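Asks: One letter stands for each residue in the lines below.
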Amino acid sequence: MSASTIAGFVGAGLVGLGLYALIVNTEPLKKLLAFNVIGNGVFLVFGIVARRGAVGAFPFDPVPQAMVITGIVVAFAASAFAVALMLRLAEESGSVSFDPEGGMGVDQGDEDA
Amino acid sequence: MILFEALDLGLAALVLGVATWTIAARRVFGAVVGYVAYGLLLAIVWVRLYAPDVALTEAAIGGGVTGVLLISASTRLGRLPAVDAPPGAALKFGAAVISALVASVLAAAVIYLPDPAPSLAPEADAHLSATGLGNAVTAVLIAYRSFDTMLEKVVLVLAVAGVWSVAPDRFWGGAPAPLGRAVPDAALVFLARILAPVGAVIGVQMFWVGADEPGGAFQGGAILAAMWMLVMMARLTDPPRISSRWLRLGLIAGPAVFLLLGLAGPVMAGSFFAFPEGFAKPVILFIEAFMVLSIAVTLPLLVLGPPNGEAGR
Amino acid sequence: MTAADATTQGGALLVFAILLPAAGILASLALGGRAAERVALGSAPIALVIALAVLVEVWRAGRPVVYVIAGLSPPLGIALRADGISTVFLLTSALIVPAAGLFARAGFATPPGAEDSRKAFAFWIMLQAISAALAIIFVSGDLFNLYVALELLTFAAVPLACVEGRAETFAAALRYLLFALFGSIFYLLGAALLYGAFGTLDIALLAERMRPLPAVTAAAALMTAGLLAKTALFPLHLWLPPAHANAPAPASAVLSGLVVKGSFFLTVRLWFYVLPALPAFGFDALLGALGSGAVVFGSVLALRQPRLKLLIAYSTIAQIGYLFLIFPLGSGLHAWTSDGWNGGLMQVLAHAFAKAAMFLAAGLLYESLGHDRIAKFSGAARVMPLTFLTLGLGGLSLMGLPPSGGFAAKWLLLRASVASGQWLWAIVVLLGGLLAAGYVYRILAPALSSDPVALKAPPRRAGEAIALTLALVAVALGFAPDSFFQLLNIGRPPLATAGLP
Numbered sequence: 005m006s007a008s009t010i011a012g013f014v015g016a017g018l019v020g021l022g023l024y025a026l027i028v029n030t031e032p033l034k035k036l037l038a039f040n041v042i043g044n045g046v047f048l049v050f051g052i053v054a055r056r057g058a059v060g061a062f063p064f065d066p067v068p069q070a071m072v073i074t075g076i077v078v079a080f081a082a083s084a085f086a087v088a089l090m091l092r093l094a095e096e097s098g099s100v101s102f103d104p105e106g107g108m109g110v111d112q113g114d115e116d117a
Numbered sequence: 002m003i004l005f006e007a008l009d010l011g012l013a014a015l016v017l018g019v020a021t022w023t024i025a026a027r028r029v030f031g032a033v034v035g036y037v038a039y040g041l042l043l044a045i046v047w048v049r050l051y052a053p054d055v056a057l058t059e060a061a062i063g064g065g066v067t068g069v070l071l072i073s074a075s076t077r078l079g080r081l082p083a084v085d086a087p088p089g090a091a092l093k094f095g096a097a098v099i100s101a102l103v104a105s106v107l108a109a110a111v112i113y114l115p116d117p118a119p120s121l122a123p124e125a126d127a128h129l130s131a132t133g134l135g136n137a138v139t140a141v142l143i144a145y146r147s148f149d150t151m152l153e154k155v156v157l158v159l160a161v162a163g164v165w166s167v168a169p170d171r172f173w174g175g176a177p178a179p180l181g182r183a184v185p186d187a188a189l190v191f192l193a194r195i196l197a198p199v200g201a202v203i204g205v206q207m208f209w210v211g212a213d214e215p216g217g218a219f220q221g222g223a224i225l226a227a228m229w230m231l232v233m234m235a236r237l238t239d240p241p242r243i244s245s246r247w248l249r250l251g252l253i254a255g256p257a258v259f260l261l262l263g264l265a266g267p268v269m270a271g272s273f274f275a276f277p278e279g280f281a282k283p284v285i286l287f288i289e290a291f292m293v294l295s296i297a298v299t300l301p302l303l304v305l306g307p308p309n310g311e312a313g314r
Numbered sequence: 020m021t022a023a024d025a026t027t028q029g030g031a032l033l034v035f036a037i038l039l040p041a042a043g044i045l046a047s048l049a050l051g052g053r054a055a056e057r058v059a060l061g062s063a064p065i066a067l068v069i070a071l072a073v074l075v076e077v078w079r080a081g082r083p084v085v086y087v088i089a090g091l092s093p094p095l096g097i098a099l100r101a102d103g104i105s106t107v108f109l110l111t112s113a114l115i116v117p118a119a120g121l122f123a124r125a126g127f128a129t130p131p132g133a134e135d136s137r138k139a140f141a142f143w144i145m146l147q148a149i150s151a152a153l154a155i156i157f158v159s160g161d162l163f164n165l166y167v168a169l170e171l172l173t174f175a176a177v178p179l180a181c182v183e184g185r186a187e188t189f190a191a192a193l194r195y196l197l198f199a200l201f202g203s204i205f206y207l208l209g210a211a212l213l214y215g216a217f218g219t220l221d222i223a224l225l226a227e228r229m230r231p232l233p234a235v236t237a238a239a240a241l242m243t244a245g246l247l248a249k250t251a252l253f254p255l256h257l258w259l260p261p262a263h264a265n266a267p268a269p270a271s272a273v274l275s276g277l278v279v280k281g282s283f284f285l286t287v288r289l290w291f292y293v294l295p296a297l298p299a300f301g302f303d304a305l306l307g308a309l310g311s312g313a314v315v316f317g318s319v320l321a322l323r324q325p326r327l328k329l330l331i332a333y334s335t336i337a338q339i340g341y342l343f344l345i346f347p348l349g350s351g352l353h354a355w356t357s358d359g360w361n362g363g364l365m366q367v368l369a370h371a372f373a374k375a376a377m378f379l380a381a382g383l384l385y386e387s388l389g390h391d392r393i394a395k396f397s398g399a400a401r402v403m404p405l406t407f408l409t410l411g412l413g414g415l416s417l418m419g420l421p422p423s424g425g426f427a428a429k430w431l432l433l434r435a436s437v438a439s440g441q442w443l444w445a446i447v448v449l450l451g452g453l454l455a456a457g458y459v460y461r462i463l464a465p466a467l468s469s470d471p472v473a474l475k476a477p478p479r480r481a482g483e484a485i486a487l488t489l490a491l492v493a494v495a496l497g498f499a500p501d502s503f504f505q506l507l508n509i510g511r512p513p514l515a516t517a518g519l520p
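Protein chains in written order, with the working numbering: chain A, 5 to 117; chain B, 2 to 314; chain C, 20 to 520.
Mixed in with the good hints, there may be bad ones.
To be verified - Here are the computed distance ranges between Cβ atoms for each label pair:
no.: 1; chain 1: B; residue 1: VAL210; chain 2: C; residue 2: PRO131; range: 46 to 54 Å
no.: 2; chain 1: B; residue 1: PRO283; chain 2: A; residue 2: PRO63; range: 25 to 33 Å
no.: 3; chain 1: A; residue 1: SER99; chain 2: C; residue 2: LEU60; range: 36 to 44 Å
no.: 4; chain 1: B; residue 1: PHE191; chain 2: A; residue 2: PRO63; range: 35 to 43 Å
no.: 5; chain 1: C; residue 1: GLU134; chain 2: B; residue 2: LEU261; range: 20 to 28 Å
no.: 6; chain 1: C; residue 1: VAL437; chain 2: B; residue 2: GLY18; range: 54 to 62 Å
It should be emphasised that the hints constitute simulated quantities derived from the structure, not laboratory data. On a predicted model such as this, the values are computed, not experimentally measured, just so you know. The beta-carbon is built from N, C-alpha and C at its ideal position, and this holds for glycine as well.
Same shape as in the complex, but just chain A (with noise of 0.2 Å):
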């Protein structure tokens, strides 16, 4: 079993294990944790394809890199806007919530009626 297989399974197992947390984990910083594990995962199978991609003198194909390269640095802006957002949610409302108050629309029909 060669490097990027062993790595390939290993994304795989990132990603399934990253799916599992998002799912079932209620607090949202915790299902950023489990959004990025599947984003590792992803940039893994990436990276073997890339290790798979080595043809003659060259050891890989740089394209899936740099690929990878642009994800990690989304991913990063990503977790720093939902960061920014919970900590906002959490002034707000006191906790982090999906649905504070019962969330789908809160009532806001009477206000000046």
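Guided by the hints, dock chains B and C onto chain A, whose structure is given.
Replies: Frame of chain A; chains B and C shown alone:
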């Protein structure tokens, strides 16, 4: 090589183990610390996959900067009570089934990828001399798929705008809350004073060298970003006000220069985002320099978050 | 579309279509909220001209317009390709975005004396970002480029959904963000597998090299699952009602009218352009089934909503279900697939305009009445006739009654399902129309009574005009000539075997 195989298997087990711990940890802070450790392990995996540029990026951004972000988030959120009901057994079972299914499908897909694998490495190498670069990954990022990279920089800038936009109205225009404690540890201050200038030089060096060897704008920019964050944590400087004109210019400098030079492509070389023959490398380095500036400004701003506390302009 | 695509005449327009709003984002960020409004509204006419120019060029040439970036062809480089559906969607975006922008001037202008305000900064930048992201989605020919576009779209749509700054909006936005991120990462995973299998992510090259492999089936499933989450197809629809209902009216108009259509467009690209040489394993029937579920489920829930904005949001979930009938009805080499294709796309366009119009009208109602509780609309139609006319015309399209784009779409879908013997879809279309009639009646009936009603403020004439115009476009689509459908078919791949018996 048996030794390497054992090493790889051990590394794989470690990565999966730490990931499991990250997910299973009860307290969010523990999970986040696990995540940082696992990020660093991943960087080693990338080295084993012959991807030094990715390893640098993962260590700097995936492990380092994301770690700072998540740790500061978990500190502030960790004190809050958990509100939602814990998941029931049915949900856990269903989630386990779906996750196992996805993981196995993915593993099967990976094993049965075609052999020999299709690769763009030879073609990438063939065009390398036209760009004057030695690092194929940098060439892909800035020359072959420059459109992608430019748009990705716009995405980063947009993320900063998004982070700022969740601020309360009354704080708009002010500065984000400072990182770290009000009275920083003397050791931290000392470290910042010594390390920051050195780190800045290393960051610039990493960007410069990235044209021909592992490194580049993202990695160099991440190191500069880390140095700025270090200096802010040591309270040697304050977070900037978001209304600052210089800050905003620094943010957009990278994508703006990239976009403008891309638009000038037809004049320079016959097509948008093309580089002139024989003069490509200086243009590429010029663009990358501004990208480094923007990344160094963007990453800390994303970690600092929205303005918080200072009222008005 | 062949792999040896070279830049065609007018290709540069595609680059401008993307770079104009992208430059606008950067300029707006540097200059602040007041300038951002001017940049956003000022660049809108130019974007419209570009979209029209692209449409003229594609129609004139009868084939897609192509631009190869940096002169470096795929697989190493990136190509932009605008075919018939790209141009029509580009034009739709170029019409709805400025309409929402003009509507929003009242609520999101920078206060006098200030150079910058949070709401103005956020709204005008995010609006341009949506414009840019959609432009890339409609014309890019590279799957990784499209991933970057999807992320751009998410980072623009989520702040727009929570621009009001209340606790419920943040909760809704956070849920939206997590679903959207799940969607993008699974899309990216599929793209990784496709690259591993074929060594390229260019859509035309992938179509050429496509053959059945485990990696391809896995990629198709993963990417589709991700895109379905972003399109809020039942059962992954949970995030949409609170996000769209809690956003301000012009934001909801863009979110329901355009943003969810972006990921749907990509699903169509994936299934009809990249994957058609693949045996389908019944995926298309599955998509049709989920769509049917969405139609029934969304319509029933819409019937039960006490608030107008939530009703309209659930109606979006139902109408999105119709879109997915394009998969069982539009694929394969049969006599009816043209009808299925045309019907599905017409439904996208009609819904975009009708829904945008209805959300703007709901916004006007909220401003004038101070609430959006349907039960308390009694008599409102007498004092706000234009607003209710807009709701009525939009509802006409949603119900699928003539004359309207919605009717044209449903007629085509019905014809296709009858001709193909897939009677189930016909039943779904008819049932959905009936349910839609139910909730449209719910909105209009109390308003048409002659009870007295107190207005907080008279409705804004400009706002009413904009909303009504959008609704009239939805109706006008019902009169689309044959040449319109010919345009929709330019560049459509001839080989589409998914669903062959």
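Asks: Hint by hint, say whether it matches the structure.
Replies: The hints, checked one at a time:
no.	hint	result
1	VAL210(B) <-> PRO131(C): 46 to 54 Å	51 Å, holds
2	PRO283(B) <-> PRO63(A): 25 to 33 Å	28 Å, holds
3	SER99(A) <-> LEU60(C): 36 to 44 Å	40 Å, holds
4	PHE191(B) <-> PRO63(A): 35 to 43 Å	42 Å, holds
5	GLU134(C) <-> LEU261(B): 20 to 28 Å	24 Å, holds
6	VAL437(C) <-> GLY18(B): 54 to 62 Å	58 Å, holds
Against the hints set out earlier in the document, no violation occurs for any number.
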